[in-house]
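For the sequence shown, the numbering used here gives the first residue as 156, with consecutive numbering after it.
These aren't lab readings, by the way, just hints derived from the structure by calculation. Where is the CB? At the ideal position from N, CA and C, for every residue including glycine. Check the hints yourself; a few may be wrong.
[As the list claims (entries may be wrong)] Here are the simulated lysine to any residue pairs, SDA-like style, with alpha carbons at most 25 Å apart:
1. K348 with Q305
2. K295 with Q359
3. K479 with P399
4. K372 with L217
5. K372 with K348
6. K587 with S648
7. K470 with L664
8. K372 with G397
9. K348 with L664
10. K470 with A398
11. K348 with N665
[Claimed, not checked] Pairwise CB distance ranges (calculated):
12. R320 with P263: 52 to 58 Å
13. R815 with T303: 37 to 43 Å
14. D802 with A205: 50 to 56 Å
15. T785 with R320: 43 to 49 Å
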Amino acid sequence: MPPKRTAAVLAAITVSALALAALGGGPATARTAPDRASAPVVTRAALDPALVEGRGARVDFLEQEAENAATDGTVIGPDRTAYSLPAEASGRKAVRLAPGEYVEFTLPAAADAVTVRYSLPDAPGGGGITAPLDLTVGGKNRRTMTLTSQYSWLYNQYPFTNDPRAGLLHPDWWITECGCVPAATTPAPVITKPFRPHHMYDEQRLLLGRTHPAGAKVRLTVPAGSRADWTVIDLLDSQLVGAPHVETAAANVLLFGADPTGRRDSADALDRAIAFARRHRLPVYLPPGTYQVNRHVIVDQVTVTGAGSWYTTVKGKDVGFYGKEASAGGSRGVHLSRFAVEGDVRERVDTDQVNAIGGAMNDSTIDRMYLHHTKVGLWFDGPMRGVRVTDNVITDQIADGLNLHTGVTDSLVRDNFVRGTGDDGLAMWSEKTADARNTFDRNTVQTPTLANGIAVYGGADTTVSGNLVADPVREGSALHVGARFGAEPFTGSLRIADNTTVRAGTYELNWNIGLGAIWFYALDRSIDAADVRATGNAFLDSTYNAIMLVTDWPMKDTHRIENVHFEDTRVDGTGTSVVSARTAGSASFENVDARNVGAVGVNNCGSFNFPATGSEFGLVDHGGNDGGGTTGPWLAAWELPNTLTCDDRPPVVPPPPPARW
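Make a model of the complete structure from these sequences and hints.
Take a look at the structure:
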C-alpha cells in the first residue's frame, strides 16, 4: 500500500465510535412508537428475501430485525463504523432498551423456539456481566432469560484482550488512530480506552414449551431492576423445532454412565459408548440432556447422534469432537449429527485446540449441529479428504466458523448458517499443502467482526457458489481471494459463482482505505496461475467499491493479478467505484451491470508508478457492461484499456437501499 499518513478526521471519527460503543451507542433515531403497525417483517440478512432468493443457507427459522418490531426503546444505527454497536448488528441497526423498556415481535409462522441476538455492557474491568430479559407470548407465560456478556467484548490489537483498561498490546505497531507508531512518537499519543472494543454480540436460544400460532406477540422486556444500564436487541429468529429425535437401535450413552443433568463429567462414558458402538456396528445416541465434557472426545469409524441440537447439548471447558491427527492417518467414517456443542472460550489463544470439531476426518459427515462459544466451529487439519459439512448453525466463535486447513480435498460445505465469528466465517487455507476440489455452496455468513465472510487462501479447483454474505465489520470483506499466510499458489480453476454480498466492504485500518465487497490480494506471490471466473454474482449496497484487486505495497512491482474474469454480474450501490485496481495485471468484464455508483466507475491506480503509458492494470471490455452512477457509464470508453483514474481515498457517497433489478 502507499505510505501511511495521518488522517485526523478519521481518527476523530474512530475516537467518537469508541466512546459511543463504550456507552452502548452509535447513531440513534427517535423512539419507535409502541403502537407501531405490528405486521411481521421477515428478512434475510436484513433485506427483503426476494433480493437474495436462491442464495444462502436453506434454514428452518425466520429472521425478524428488532428495528422493524414494535418498541418503546431506541433504534440505533445505521452505522458501519467499526467498534460501534450498530456496525456489528445485522443490517447495521438494532434496538437499545433501558430497564423497563421492551421490543415486541409478531410471529410470522407457528413456532415453539426462538433465538435472541443481543448485546450487554461489559463489566468495568472486563469479564462480562449477566442480566435478565423477560419473554412473554401474548402477554402470558413469562420466562426469564439470563443474558450474559461473558463471551463478548474483546479489545485492543491482535490477538486481543478481555481487559478494557489495557494499554496497547503492540505499541511498536503503526495504528490509524494517531497515524503513527506510538512507541516511536514524541510526545506519546493519548490512546482512548477501551481501545478498539469489538465482538459485542452474543445469542441465546429458548424453547417456548409449546407451539404458538402465527400472529402471536413475543415481547422481550428488560426488567426494571436489571443491573445492565442497557440491553441491545438485534433480532429474533423463530422456528418450529418439533419433537426430539429418537434413535432406538443404538448405544445409548446413559447405559454407559453419562449424566444428562450436566453435574458430572461424561467424557469417559462417551468413550465407553463409542468403543461399544464400534465393536457392534451401532450408532451412539445422546438422549435429551446436557452432558458435561471437558476434553476432546476422539472419534473414528463411528456415528454419534443426538436428539436434536435444541435438546442435546455437550458442553464444557475444552470440549470438542476430534478425529485422529493426519500424521497418524486421520479418522474416517465419522458421522456427527443432531446435537449442540457449547464451549467456554472467552479469549483468543491461537495455539489452543479448543474447537468444537477438529482433527482429520476422511469420508465423514457433520450435519444439523449447533456450535457455540468455541474458538473455531470446525477446524480440519489435513491432509484429509471427503468431508461433508451440511445444515449446521455456527455462531459466536472467537475465531473462524470453519477452516479447511492444509491439504483438505474433495470436500463440501453446504447450507450452513454462520453468524458473529471473530475471524473468517468460512475459509480454505492451503498452508504448506494445497487444498483441492473443495466447494462452499449455499451458505449464509453474517456479521464476522474481523476478516472475511468467505476466504480462499490458495489451492486448486475451488468453487464458491450460491452463498449469501452480509455485514463484515473490519479488516476484511465478504468474499476474499488471498495469496497470503504462506498459502500454496492458486492453480487450476477458481469458480466464484452466483453469490450475493450485502453491505460489504470494510475500512482496512492498516492501509487506511476501504476494501471491495470481493477483494483479491497478492501479498506472498502473484495470483496468475489459475483461471478465475466470477460469474452471476450480486454485490448489493457495497460500502466502498464492489470489486478490488490489490498487491501489497512492498511487492507492487513484483506481484501481479491476472486471468480474472467477471461475467453476468450485478452491482447495486457502491459508496465509491465498481472496480478498484491497486496492482499490476488485468481483468475482463462481460455483462457487468451497475447502478447507484458513488464515484468514477473504475478507480485505476495500477502499481502507483503512474507511467506515461497509463496504469499497469488493464481492463478488457467483452461487452454488455451497462449502467453506472454519478459520473456516467461505469465502464466508459475513456477508461479503457488502462487509463489512470487514481483517487487514493475517494469520498464515499452512501447509495440508496438495494431494490429489485
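Which of the numbered hints are not met once you compare them with the structure shown?
3, 5, 7, 12 and 14
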